[in-house]
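Please model the complete structure; the sequences and the hints are all you need to start from.
Quick note on this note's numbering: the sequence shown kicks off at -5 and runs consecutively.
Don't take each hint at face value.
Calculated cross-link-like contacts (lysine-lysine; reagent style DSSO-like; alpha-carbon spacing at most 27 Å) [what the hints assert, rightly or not]:
id, residue 1, residue 2
1, Lys344, Lys62
2, Lys62, Lys121
3, Lys34, Lys342
4, Lys281, Lys201
5, Lys67, Lys344
Using C-beta positions, here's what the derived DEER-type ranges look like [said to hold, decoys possible]:
id, residue 1, residue 2, range
6, Tyr178, Gly325, 19 to 27 Å
7, Glu175, Arg249, 25 to 33 Å
8, Ser275, Ala36, 44 to 52 Å
Calculated directly from the structure, the hints in this document are not laboratory data. All residues carry an ideal CB built from backbone N, CA and C; glycine is no exception.
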Amino acid sequence: MKLNKKNAWVVFVCIVLVLGAGAAFAQRSSMKVAIEEGKKYAGKTIVFPTESGLFMQGPLALAPQWEKATGMKVEVVGMDYYALHDKQIAEHLAATGAYDIVQYSPLWVPDFIAAGLMEPLDRYVEKYMNKEDLEDIPPIVRKNLMMWGGTFYGLPIDLDILTLFYRKDLFEDSQNKAEFESQYGYELRCPQTWREFQEIATFFTAKYAPDIYGAAIQRAMQTYTWFEAPFVAYGGRYFNPETMEPEINNAIGVRTLTEMVEQNKVMPPGIETWDFMDVLSAWLSGKVAMIITWPPIGRWSEGYGTYTKQLAWVPKTEIAGNVGYGPMPLGRSTHAGCFSLGVNSGSKNKEAAYLFAQWASSPEISLQTVMLPFALCDPWRISHFEAPLYRNAWGNAGEYLDTLKESAMHGVWELAIPAAFEYFRALEEAMTAAYGGKDVQAALDEAADKWEKITNRLGRETQRKFYIEWLRSVGQSP
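Shown next as structure tokens:
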């Protein structure tokens, strides 16, 4: 049975209520174990730092369920994305005991481990985790979001994978198809390569601008995430694994950034400063033919959940029913962010914090979270991608989920070594300079010089060991 958007939402709310009332699940499910063991800590409060804004709405929506089930309170503390990295380390080093939960992105793990912030979780996983629930997590996700050096440090709650969204009505228009093939010699389709992306964007901009532009990609804040996928897909390495000399300024790096600068020329004017909201507004209003961004946009494009109060700010979609999905060109999409929950080694409530994390990441509760339209959490369990309720949430939701799953299995994981954030900020400065007209080679050379200084400061051999461990974790040979 196909469900329309509002019916799917009603069914979803009913399921949430049933789950909250204690519906029967598999015996000794991770969710049930966490609840039963969590009751021992009734009256305790655990503090959960998270990203402020929309992401915070997920924990705020779920915390009352946990409190009702266990008697344990959850205090959710929000801060911006960059502060979430810096403040968790600062509070730990100051021994304030401010937080019990650790929320982290994979690229932060080496920093957090080096600071002594992360509590190893092997004993908790062995004691409390249902093994079938563990097997429900794809191995590549388990390896990169839960573990470091063979040790468990966290449980996933979100799998960010950059996704290409395109206007099917424009791509399938018979006149557009004929004109494009006549001009470029191949069919108009979801771009398979970055050359095709450039040519398709050029075609639509030439034909429709200023009413419609061929593409839009966020160029302000975290813009390095759009560099990573093509750079790695072209065969790039961040460092020489023997010497730790940076390779972002080699021919592959120059090609990658040069192509990004060229893309800007067929995007809307001022794209160099566009952020997430600029891209979202242009896309939902039908002003661009393609975007590459995070998965929630796919849901909002169909109007899924946008009538909730948390999404009242989202512009009304003008493109529902006309959206197609694909991976980034060359089939390699960046895992841009991704969040997991760990336990702060300085917490006085370590087991209680772990039990909450296990409950939040359990199949039952995590399905609620990834289906909350305003939670900014994207599917990551095998059961999420296969869930009938989700696959029927709108007309082509199954296609959306299949694309996310396929992209995730072949995704590009962000560099995870100490000071990864600092390295990427230096790269981002170079990219911004190139967008502003600076010579690409010169911009990347400056970034490489900064990378060398970071490596020298932290210790070349130490960084090399972390880099080799990261290469192995993402399936690359050192």
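Query raised in the report: Against which earlier hints does the structure fall short, listed by number upward?
Result: none
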